[in-house]
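Chemist: Keeping the supplied structure of chain D fixed, place chain H upon it in accordance with the hints.
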Amino acid sequence: MGNANGREEGGGGGVAGAGANDEIQINGGDHSMSNISPPATPHRSRSPLLFAPQVRIRVPVAPLQRADDPPLFNQMRQHESHAAASNPLEKGVPTIITWNYGGNEVAVEGSWDNWTSRRILHRSGKDHSILLVLPSGVYHYKFIVDGDWRYIPDLPFVADELGGVCNLLDVHSCVPEILDSVAEFEAPASPESSYSQALPSEEDYAKEPLTVPSQLHLTLLGTENSDEASSSKPKHVVLNHVFVDDGWKSKSVVALGLTHRFQSKYVTVVLYKPRKR
Amino acid sequence: MYKFYVDGEWRHDENQPHVSGNYGVVNCVYIAVPQPDMVPNTISPETSGNMEVDDVVMRPEGFAQYSEADLQLSRDRISSFLSTHTVYELLPDSGKVTALDVNLAVKQAFHVLYEQGLPMVPLWDDFKGRFVGVLSALDFILILRELGTNGSNLTEEELETHTISAWKVGKLQLNLKRQMDGNGRPCPRPLVQAGPYDSLKEVALKILQNKVATVPIIHSTGPAGSCQEILYLASLSDILKCICRHFKHSSSSLPILQQPVSSIQLGTWVPRIGEANGRPFAMLRPTASLGSALALLVQADVSSIPIVDDNDSLLDIYSRSDITALAKDKAYAQIHLDEMNIHQALQLGQDANPSLGFNGQRCQMCLRSDPLHKVMERLANPGVRRLVIVEAGSKRVEGIISLSDVFRFLLGV
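Respectively, the protein sequence lines represent chains D and H.
At position 207 of the first sequence the residue is numbered 207 (the working numbering), and the sequence of numbers has no breaks.
At position 295 of the second sequence the residue is numbered 295 (the working numbering), and the sequence of numbers has no breaks.
If we strip away everything but chain D, and leave its shape as in the complex, we get (with noise of 0.2 Å):
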């Protein structure tokens, strides 16, 4: 069973689990697949020592289901409707607009279409909504709640430039992680075996590597360069594991490749190292 945690894969000789289940076998001898050099010290490096793009398997491996994230929601955003995006060259997001306090009409103008069109919101008890798919940007907009120009003061707003007071909107093309909502969840005690910190000896290099947990194919690492690898989030699961690529052309190099999370943001980090003679 591979750790399906993200705990980091620090130190030497702590890979766990004894893989029966894994349809995964890495064979040959000459792959330097997850071998990270034990720490000299108990002090865990966390330097950006990062690997190469390719994992190196040699029987592919069908992806696994991706861990579903629980789905989040805040006030204002919903992304289950499929609505056409209002300008075909930029990616519209769906944003959902509501009023909550009260009142028989509702209707919202804003400044994505320079206050051009009024739009009524549907109402269902106290509560009115309406949902409206927006290109990334800031956008300001006000509510006429029965004739009345109204704003909500537990959002934010803005002064605007003719004196009145307008709401503020934000719309991300990315959901941004809110980091409070990420499940905990515990962790499977580790396996029954020998755990220890010795450095492994020449036996051990001689045996056949251990299986690699099939999530870590997941990388975001030799993608190409473009827009779309850029959007795509990579899985928890391969946070903070270090990917080696020795295939470059020269051999005298060789990067290292790992992806890490920093606040609600993911970095991928890729160092080339001079290959030591």
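Hints may be right or wrong, so weigh each one.
As the list claims (entries may be wrong) - Here are the computed lysine-lysine pairs in the DSBU-like style, where the Cα-Cα straight-line distance is at most 30 Å:
(1) Lys241/H - Lys96/H
(2) Lys96/H - Lys235/D
(3) Lys96/H - Lys91/D
(4) Lys241/H - Lys235/D
(5) Lys276/D - Lys171/H
(6) Lys273/D - Lys168/H
(7) Lys201/H - Lys374/H
(8) Lys128/H - Lys273/D
(9) Lys171/H - Lys273/D
(10) Lys276/D - Lys96/H
(11) Lys241/H - Lys91/D
(12) Lys328/H - Lys273/D
(13) Lys276/D - Lys128/H
(14) Lys207/D - Lys273/D
(15) Lys96/H - Lys233/D
(16) Lys241/H - Lys233/D
(17) Lys96/H - Lys201/H
(18) Lys201/H - Lys233/D
(19) Lys273/D - Lys374/H
(20) Lys96/H - Lys273/D
Said to hold, decoys possible - Partial chain H-side listing against chain D, Cβ under 8 Å, derived:
(21) Tyr88
(22) Asn103
(23) Leu104
Derived from the structure by calculation, the hints contain no laboratory data.
Computed from a predicted model, the values in this text were never measured in an experiment.
Don't be surprised by glycine CBs; every beta carbon is placed ideally from N, CA and C.
Modeler: The following block gives chain H in isolation, referenced to the frame of chain D:
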């Protein structure tokens, strides 16, 4: 206004300009008051104080006047926006950064830059455990020029073993406006970097003051910031994109953005005939040698040179980052800088679709009548660092607007 008192009588001079007024006919002298904003950018700031009255004739086409209040209001709003937003907002949700070990050979580094299509990379020093500098296209231009000169220490074979760190030490000897330490010896410039919670305004000022294009964003943790994580490489175009995104739908709050760029004298303009000559404007023909282009990039301290035909009409643009195209098929090993001309050098860079004649994708243009917000939106595209101002139709080059020009204007520095 004045009048002559000749032998007891008020007289005026018929031959001088005169008007009728409350005091009869009086002579008058027209003095145009030089307004600082209207001074053309081609004249360097130091000489503007010596402007003769004659020189302050406005450009014949009579551009729309804008008020000082509009400019100040726009500047204040932008400054306040930049001060309240941090670098963290620039970070993409899932980004990629490439770094090189400082002990990598220069030749390998060149190839990495070329294959990854990067204009610059940060340098990591294992021994020191931190980022110590950056490697950019300018380094390669200097290396190639060193290769070309006789009596230099660098040969092509040595490129395979010459490490980046050795190059950086050798670069200090090249006497390139480096800082001096207390004893007058050139000392290495410390890495210009920023943290993820620095304000956008701090980063923009850092970029402008240090005259760099990109700043690595490094998050330091651990005792005394000893553990460094690199997060992003930020440039002015990212900050500009942030500004445009925020103000796109409330453009009336920044009135100066509606002004045409010719009226605010943004950028560097080709001096017109008869004008007081400021900085000469660098342009080259496609037949000029690559060596002369590189020399011009270094000496004029510009990041790109428009390539024009005999009528000064824009054909292409050669930038510092184009130097990495020489890594293709190891062209740098076979050519002499003076034997290859710019046209051939640019051909190297167009592997997929060699196009003859004008390449509109590579050089982004604008007109002198384009409003500032349009120029800003174009510059906010990643990879676009400058716009060439051309004349409509003939594409004659009139000037260049770069990202740093726009930011200096918006921040008032």
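Chemist: Each of the hints needs a verdict: does it hold here or not?
Modeler: Structure-based check of all given hints:
no.: 1; hint: Lys241/H - Lys96/H; result: 19 Å, holds
no.: 2; hint: Lys96/H - Lys235/D; result: 15 Å, holds
no.: 3; hint: Lys96/H - Lys91/D; result: 22 Å, holds
no.: 4; hint: Lys241/H - Lys235/D; result: 28 Å, holds
no.: 5; hint: Lys276/D - Lys171/H; result: 25 Å, holds
no.: 6; hint: Lys273/D - Lys168/H; result: 17 Å, holds
no.: 7; hint: Lys201/H - Lys374/H; result: 22 Å, holds
no.: 8; hint: Lys128/H - Lys273/D; result: 15 Å, holds
no.: 9; hint: Lys171/H - Lys273/D; result: 22 Å, holds
no.: 10; hint: Lys276/D - Lys96/H; result: 26 Å, holds
no.: 11; hint: Lys241/H - Lys91/D; result: 17 Å, holds
no.: 12; hint: Lys328/H - Lys273/D; result: 21 Å, holds
no.: 13; hint: Lys276/D - Lys128/H; result: 18 Å, holds
no.: 14; hint: Lys207/D - Lys273/D; result: 27 Å, holds
no.: 15; hint: Lys96/H - Lys233/D; result: 11 Å, holds
no.: 16; hint: Lys241/H - Lys233/D; result: 22 Å, holds
no.: 17; hint: Lys96/H - Lys201/H; result: 24 Å, holds
no.: 18; hint: Lys201/H - Lys233/D; result: 29 Å, holds
no.: 19; hint: Lys273/D - Lys374/H; result: 43 Å, violated
no.: 20; hint: Lys96/H - Lys273/D; result: 17 Å, holds
no.: 21; hint: Tyr88; result: 7 Å, holds
no.: 22; hint: Asn103; result: 5 Å, holds
no.: 23; hint: Leu104; result: 5 Å, holds
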